[in-house]
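Colleague: Listed below are the residues making up each chain.
Protein chains: 2
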Amino acid sequence: MERINIGLIGYGIVGQGVVKILKNRRKFFKDKYKKDFFIKTIADRSIIKKPSPGLDNTVLTADHHVVLNDKDIHIVIELIGGMSPAKDIILSALRNGKHVVTANKELLATCGQELFRQANADNRMIYFESAVGAGIPIIRTITEGVAGNKFNGVYGIINGTCNFILTEMSRRGLTFQEALKEAQEKGYAESNPTLDINGMDTAHKLAVLVFLTQGKFVSVKDFHVEGINHISHDDIEFANTLNLTIRLLAIAKKIGNELDVRVHPTLIPKDHGLATVNGVDNAIFLDMDPMGDVFIEGQGAGQMTAAAGVVSDLINLGIRKDVRMPTWIFNPTEEQQDLNLRKIDAVETRFYIRFMVIDKPGVLSIITGVLGQHNISIASVNQKQENKGSTVPVVMLTHVANERAVRDALEQITHLAVVRSKPVAIRMEKL
Amino acid sequence: MERINIGLIGYGIVGQGVVKILKNRRKFFKDKYKKDFFIKTIADRSIIKKPSPGLDNTVLTADHHVVLNDKDIHIVIELIGGMSPAKDIILSALRNGKHVVTANKELLATCGQELFRQANADNRMIYFESAVGAGIPIIRTITEGVAGNKFNGVYGIINGTCNFILTEMSRRGLTFQEALKEAQEKGYAESNPTLDINGMDTAHKLAVLVFLTQGKFVSVKDFHVEGINHISHDDIEFANTLNLTIRLLAIAKKIGNELDVRVHPTLIPKDHGLATVNGVDNAIFLDMDPMGDVFIEGQGAGQMTAAAGVVSDLINLGIRKDVRMPTWIFNPTEEQQDLNLRKIDAVETRFYIRFMVIDKPGVLSIITGVLGQHNISIASVNQKQENKGSTVPVVMLTHVANERAVRDALEQITHLAVVRSKPVAIRMEKL
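Protein chains in written order, with this note's numbering: chain A, 1393 to 1823; chain B, 1393 to 1823.
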């Protein structure tokens, strides 16, 4: 039976999960796939402090070059994350004839094109199922499961931490800070959860989804990314009464020959599948031609779920390792080559806007006056009844309005004497 | 550029959709996959009466042997359905060195083992994405996307016609007959919808899911299959008040070394993803180790959706055609070899039971007495208030009860003088 020799670089939480699966399932995989998946070497800078993998004949080393220079290793798993030295590790692995498995969305989003070019040049493959949606098989689904379709749009809840926070704020009335603290205590959020909260992790994953669905490499610097830290309990409650749910949504949709790519908190109708995605779950909604809509939901975080995604990559690579499977994300079609990113200023959506104003007559007229000057028309106005203090929230839903116009209007309104703080604007998405 | 020559046998609704996609996307596929997917021959017994495919250089014939004997054809698509001559066509195609794409769930469920053995022997592949869930990429997901997982359970809504009927009965208060008529008018149901309604179509698809997830070929004759024609509007309404939804569910779960495989109308908690699957949508819920749960939903019927599934098979086969990709459904693991089908008599679930009884004192005591004798304990009893006639429905929810005991009790109760018709029993599934 053929042995697939694996080198693991980065023996953290997910790496330990991968080792656990390969150890416990070795016989199962031999039976099923007729291959022996074997971890030959584990490299981690602080390998001495890490728990024993409990594997015989597996070399432990602090030096990842031991893996990269081992001629017998077929597949290298990169699980250290971040840009450096992950990028060099992957490039070296490819040049040394190894296939690569990685979960590194930041690196793929930033240097994907360069990495895939190198892989193509070296006739090797990079698999990255765990980079988006942890174990949910969204990468394999897009690249192979729905092969042949064109993608009108991709909508995703792809950060478990943010979704947990928004769910718990809504379900149990927690404040943002309380929900974040709980996410950290439960191990969902990083001790430094900045990339989760500010939307950047979601943006990295969205960039990956964009090159998979549209053959286009876009930089997270070139599209609008907004986190969830300005969402208050009031917003969640108002949304609720309007039969809407707030989710941090990754959006990439084709409008003519433009690509509208954004990450921001989004109001979703409660009866849409994405609105029912709770806790650390992730979900992706694909709008395709001619297949129609496909919706996939699963656990978006967790050691074993992420590890399961890495293992599915290993198995698929193990099966296909002597085959040249094309990385067809490199072949944008004629129509895809013409796609340009739509500027955020040109985006048009409906808006939820919460103003904190002094509770006195005439205020509404001043605000709606400014909105009117900017061609923003109002669909509804709500004011919380129980609030009797001097500052009250006023919530408006607009009709479809231009992003730039809304920003300009809100800038102007912020400086009005009757307005107590920067208005909160949340986009609504028609799904 | 390499040309992939395709022979299509069966030029019905789905076949015409496939031709439409391949015709409109030829350039797109060349750009993206660097292959020219070309329909060389279309065979259909009544080809003269069919609409023109509008393709140059494509041969039209009434004789499928023209396809089977053509040495230049790489892939044969079988879309005639049914057992004969579909089986012989697939076997001949394999023997003649062609890969096969089929959507024929009845044939796969009945002769899958034989067909896959032949494919293995001939070093060819059979792809069948459209056989279950139309275009939803469930086959590719199970075989590759989540490779490496063990399946604790698979739960599916996989017949669009039945789901449409149950949805419309619930949503608009239609009777079963009215909803069925509308499904036929809209083209969802066959003119003879027997296989849909009696659960057999769902059973064929479930048999396919069972061999994919458990490496085990089971015959639809060996597991419990029940359709939806006995579901009344009363049942839908009672379910609604109990916060439950009725769906025709395909179930295959592992309990120890037994496989519990069933198809029947099932009460599902309203907040479960499967309960929100409406209209002709299909959905599959996978409970896996270690990945956790994955839920996939999409259109379960329709010409272009089914055609899209066939096209994704064509593309994947076109890319992989010179590669020996293993058909690993042939490799049951040691633990899978020991799996036995659980007898329906041994199944234990909760039950919803509706009795039509004469409205007089003491009736409840008689019925609950019989249930008690059979060790069936009652969780709740409901009686429709507005019903003042001489015959009233009484609805009971049981605690977990043995299938055989329930059947015996209901048989006994049916013969009681106070009972007006055969009680309706619907299983509840804890998901």
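Worth flagging that the hints you see were computed from the coordinates, not collected in a lab. All figures in this text were calculated on a predicted structure; none of them were measured in a lab. Hints may be right or wrong, so weigh each one.
Since the list gives no way to pick out one identical chain from another, each pair is judged satisfied if it fits inside one copy or across any two copies.
[As the list claims (entries may be wrong)] Calculated lysine-lysine pairs in the BS3-like style (CA-CA distance at most 30 Å, straight line): (1) Lys-1412 with Lys-1608; (2) Lys-1822 with Lys-1427; (3) Lys-1645 with Lys-1427; (4) Lys-1415 with Lys-1573; (5) Lys-1713 with Lys-1573; (6) Lys-1814 with Lys-1412; (7) Lys-1573 with Lys-1426; (8) Lys-1479 with Lys-1412; (9) Lys-1427 with Lys-1613.
Colleague: Each of the hints needs a verdict: does it hold here or not?
Modeller: Consistency of the hints with the structure:
In the homo-oligomer, the alpha carbons of Lys-1412 and Lys-1608 lie at most 30 Å apart only across protomers (27 Å), although the nearest pairing inside one protomer, at 36 Å, exceeds that limit. With identical chains, the CA atoms of Lys-1822 and Lys-1427 are never at most 30 Å apart, being 47 Å at best within one copy and 37 Å at best between copies. Within a single copy, Lys-1645 and Lys-1427 get their C-alpha atoms only as close as 41 Å, which misses the 30 Å cut-off; across copies the closest is 27 Å, which meets it. In this homomeric assembly, Lys-1415 and Lys-1573 never come within 30 Å of each other (Cα to Cα): the closest approach is 34 Å inside a single copy and 55 Å across copies.
Taking CA atoms no more than 30 Å apart as the test, Lys-1713 paired with Lys-1573 passes in neither setting, with 44 Å inside one copy and 52 Å between copies. For the identical chains of this complex, Lys-1814 and Lys-1412 are neighbours neither inside a copy (50 Å) nor across copies (53 Å), given an alpha-carbon limit of 30 Å. Neither within a single protomer nor between protomers do Lys-1573 and Lys-1426 lie at most 30 Å apart by alpha-carbon distance, with minima of 46 Å and 50 Å respectively. Within a single copy, Lys-1479 and Lys-1412 get their C-alpha atoms as close as 26 Å, which meets the 30 Å cut-off; across copies the closest is 43 Å, which misses it.
Taking the shortest alpha-carbon separations for Lys-1427 and Lys-1613, neither the intra-copy value of 43 Å nor the inter-copy value of 35 Å comes in at or below 30 Å.
Taken one by one, the earlier hints fail for this structure at numbers 2, 4, 5, 6, 7, 9, listed in ascending order.
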